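Just need the whole structure built from these sequences, with the hints factored in.
Going from the sequence shown to our numbering is simple: count from 1 and add 524.
What the hints contain is simulated information worked out from the structure, not anything from laboratory work.
Take these hints with a grain of salt, some might be off.
Label-pair distances were calculated between CB atoms; the ranges are [what the hints assert, rightly or not]:
#, residue 1, residue 2, range
1, V1050, N759, 29 to 35 Å
2, P668, G712, 46 to 52 Å
3, S995, T531, 55 to 61 Å
4, D1019, A892, 22 to 28 Å
5, R706, E658, 30 to 36 Å
6, E943, L860, 23 to 29 Å
7, R532, S995, 56 to 62 Å
8, A823, G712, 37 to 43 Å
9, K629, L814, 21 to 27 Å
10, E833, K629, 16 to 22 Å
11, D912, G593, 49 to 55 Å
12, N1046, E976, 21 to 27 Å
13, E591, Q1007, 54 to 60 Å
14, R532, E658, 23 to 29 Å
Pairs of lysine-lysine, DSSO-like flavour, derived with a Cα cap of 30 Å [to be verified]:
#, residue 1, residue 2
15, K714, K774
16, K629, K693
17, K887, K984
18, K984, K966
19, K964, K629
20, K757, K629
21, K757, K1054
22, K757, K887
23, K757, K775
24, K897, K853
25, K714, K775
26, K775, K693
27, K693, K887
28, K910, K629
29, K853, K984
30, K757, K774
31, K629, K1054
32, K1008, K966
33, K1008, K887
34, K693, K661
35, K853, K887
36, K910, K774
37, K897, K887
Just so you know, these numbers come straight off a predicted model, no measurement behind them.
Note that CB positions come from ideal geometry on N, CA and C, so glycine has one too.
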Amino acid sequence: MVRSAMTREEIDALQPTYHGMTWRHNGPLCHAAGLTKCGFGCDDWLLPERTLGWDVIRWVGEYLLDEEGQRFRLTAEQRRFLLWWFAIDDAGRFAHRTGVLQRLKGWGKDPVGAILCLVEFVGPARFARWATGEDAKRNPRLRPGRDAIGRQMPAAWVQIAAVSREQTKNTMTLLPVMMSRRLIQDYGVKPGNELIRADRGRRRIEAVTSNPRTLEGGRSTFVLLNETHHWIKGNNGHAMYETIDGNTTKKDSRYLAITNAYLSGEDSVAERMRLAYEDICDGLAPDVGLYYDSVEADAQTPLTIDGLEVTLPKIRGDAVWLRVDTIIKSIQNKTLSPSRSRRMWLNQIDAVEDAVYRIEDLKAIERADAELKVGDEVVLGFDGGKTDDSTALVAIRLSDACAFLLAVWERPARWPEDEPWMVPHERVDSEVHDTFRLYKVKAFYADVSYWESYISLWNKAYGQGLTRKASPDSPIGWDMRSQKRATLAHERLMDAIARQNIHFDGDATLRRHAGNARRRTNSHGVSFGKEGAKSQRKVDAYAAWLLAHEAMCDLRNMTTKQEERSRSTEMWAY
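Structure below.
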């Protein structure tokens, strides 16, 4: 690995992005205030006004052990996270109902998750009363009247959730190691591999995996969502997340997701929670009590020796057990992609190298408040599949070039593998007819593959009324198998997105399909495709967007030429 073209001073000036409150100073952010120079003993942290966290931290020190059997010593960073996670309001209710802890690999997310599970299991997990002067004598950190003393959660039901049994083991195997003999005796704990009981079975910790039906109706009091960057539609991650949210809502309980940086465009639960958090920060969604805590390297950080030597100590925070030199050697391994290294070790949300778009590209053109209204003038794009591939219909409003995913048909995630699934042709056909009834369609480009017979019927029904025709042979049919034509159309769409000349309404499926698109270079330029022929990461909605955009471009060019001819004719007549 070569040295960076940037100086170490320039790299050091690239400050990490801090989400959440863990690294916030009473003045500027801690690293910006020179914390890495003065050490981790600085007390000038921004802490919550009221918290149950100090009583939780006391309990951890009394009852939990580290891997060497010694009293568990939380790092300063971990303590601050617990203080904010257990922040409460004037009535003693938690400030945060849900949360995300995102850190680089090896930081210690599983031990923190295990601590929370044990606290919720038998520890002081709920507000009991405000601290008094007597309490402060035993625990000097407590502020009488401002900090709280906790109580056990009655009938505690703690779940450690993941999409595979192996992932739950990351946390479950830590629990027996961390429970001291005093904890087991004081609370009557019965340890087990996948089920831990206490109080004669009235309290329990259990591991659960991605079968939403078995989770339905659960009375969980706390859920730890493990490795949510792996929770996608294809492994029932979405359905599992929705079930957990419903279960905790009805019990007024909480859940925390622990995750590495997710792969952009994969539409994982980690990605969905991050986008929801950003919408809250941007004022596009109400604050629903989501706490997000992450430390991420600047996007310009070079993967060079200088860049990593300067940046990694900042990103690892108090996790000093992570050796910088070992991580650098891993990143130097040429068999591993730079994109993976950035996600794993710099905690950067980064797309794969051959992705057409980064998440920032798509986020920049979102218009969450956009609404397609009856009677709007639009152009349409359609990409149809037959069995496994998706089918999508996209409209672009001509007045502002905003795209809307009108409908998409995809193989259901829980569809049996041995049963064939077919695109519902009649429903697709009905959607097309409804679209022409509701909106003023000026052009309609549809990929002819698999759908020739339906396109022929649409031509007869609507072809005469279209202002712009897809081709001399078909008012609607547009053959994407023409490599040159499709490549040039794709480059026009990429340019429009890069220049932010077009927008879309923020639809999650359209964003996901666009994020799944991979660069495919040919003799004509840059086209796109799926990751692989059998990949379940679909791009069909993006293809429909491309066709609608091409229809809009052709319509505008035709209008411009007509106006030029009109002006020329007027001049000749004069």
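Hints versus structure:
Separated by about 31 Å at the C-beta atoms, V1050 and N759 satisfy the suggested range of 29 to 35 Å. Distance hint check: the CB atoms of P668 and G712 are about 32 Å apart, inconsistent with the given range 46 to 52 Å. Distance hint for S995 and T531: a CB-CB separation of about 56 Å, consistent with the stated range 55 to 61 Å. Between D1019 and A892 the CB atoms are about 24 Å apart, so this pair conforms to the stated range of 22 to 28 Å.
Roughly 23 Å separates the CB atoms of R706 and E658, a value that falls outside the hinted 30 to 36 Å. Distance hint for E943 and L860: a CB-CB separation of about 38 Å, inconsistent with the stated range 23 to 29 Å. A C-beta distance of roughly 58 Å is found between R532 and S995, which places it inside the suggested range of 56 to 62 Å. The given range of 37 to 43 Å is broken by A823 and G712, whose C-beta atoms sit roughly 51 Å from each other.
Distance hint for K629 and L814: a CB-CB separation of about 23 Å, consistent with the stated range 21 to 27 Å. At about 18 Å, the CB distance of E833 to K629 agrees with the hint of 16 to 22 Å. The given range of 49 to 55 Å is respected by D912 and G593, whose C-beta atoms sit roughly 53 Å from each other. Under the hint 21 to 27 Å, the C-beta atoms of N1046 and E976, about 25 Å apart, fit the expected range.
For E591 and Q1007, the hinted distance range of 54 to 60 Å is satisfied, since their beta carbons lie about 57 Å from each other. In this structure the supplied range 23 to 29 Å is violated for R532 paired with E658, their Cβ-Cβ distance being about 52 Å. At most 30 Å may separate the alpha-carbon atoms for a hinted pair to count; K714 and K774 meet this at roughly 28 Å. At roughly 16 Å between alpha-carbon atoms, K629 and K693 fall within 30 Å of each other, so this suggested pair holds.
For a cut-off of 30 Å, the pair hint linking K887 to K984 is broken: about 39 Å separates their Cα positions. Taking the CA atoms of K984 and K966, the gap is near 15 Å; set against the 30 Å cutoff, the hint holds. A C-alpha spacing of about 52 Å is found between K964 and K629, which places the hinted pair above 30 Å, so the restraint is violated. Between K757 and K629 the CA atoms are separated by roughly 24 Å; this keeps the pair inside 30 Å, and the hint holds.
For the given pair, K757 sits about 17 Å from K1054 by alpha-carbon distance, which is consistent with the 30 Å threshold. Straight-line distance between C-alpha atoms of K757 and K887 comes to about 21 Å, which keeps the hinted pair within the 30 Å bound. Note on K757 and K775: the hinted pairing holds, with a Cα-Cα distance of about 26 Å set against a maximum of 30 Å. The straight-line distance between the Cα atoms of K897 and K853 is roughly 56 Å, outside the 30 Å bound, and the hint therefore fails.
Pair hint K714 plus K775 holds up; C-alpha atoms about 25 Å apart against a cutoff of 30 Å. Distance restraint check for K775 and K693: the Cα-Cα separation of roughly 26 Å lies within the 30 Å cut-off, and the hinted pair is therefore satisfied. Our distance criterion of 30 Å between C-alpha atoms is broken by K693 and K887, whose separation comes to about 35 Å. Between K910 and K629 the CA atoms are separated by roughly 41 Å; this puts the pair beyond 30 Å, and the hint is violated.
A C-alpha spacing of about 64 Å is found between K853 and K984, which places the hinted pair above 30 Å, so the restraint is violated. Under the criterion of a C-alpha separation no larger than 30 Å, the hint pairing K757 with K774 is consistent with the structure, at around 24 Å. At roughly 28 Å between alpha-carbon atoms, K629 and K1054 fall within 30 Å of each other, so this suggested pair holds. A threshold of 30 Å between alpha carbons decides the hint, and for K1008 with K966 the separation of about 25 Å falls inside it, so the pair holds.
Distance check on the hinted pair: K1008 and K887 sit about 29 Å apart at the alpha-carbon level, within 30 Å; holds. Of the pairs offered as hints, the one joining K693 and K661 is violated, with about 40 Å between alpha carbons and a cut-off of 30 Å exceeded. Distance restraint check for K853 and K887: the Cα-Cα separation of roughly 34 Å exceeds the 30 Å cut-off, and the hinted pair is therefore not satisfied. Distance hint between K910 and K774 is unfulfilled; the C-alpha atoms sit about 41 Å from each other, more than 30 Å.
Distance restraint check for K897 and K887: the Cα-Cα separation of roughly 23 Å lies within the 30 Å cut-off, and the hinted pair is therefore satisfied.
Of the hints listed earlier, those the structure fails to meet are numbers 2, 5, 6, 8, 14, 17, 19, 24, 27, 28, 29, 34, 35, 36, in rising order.
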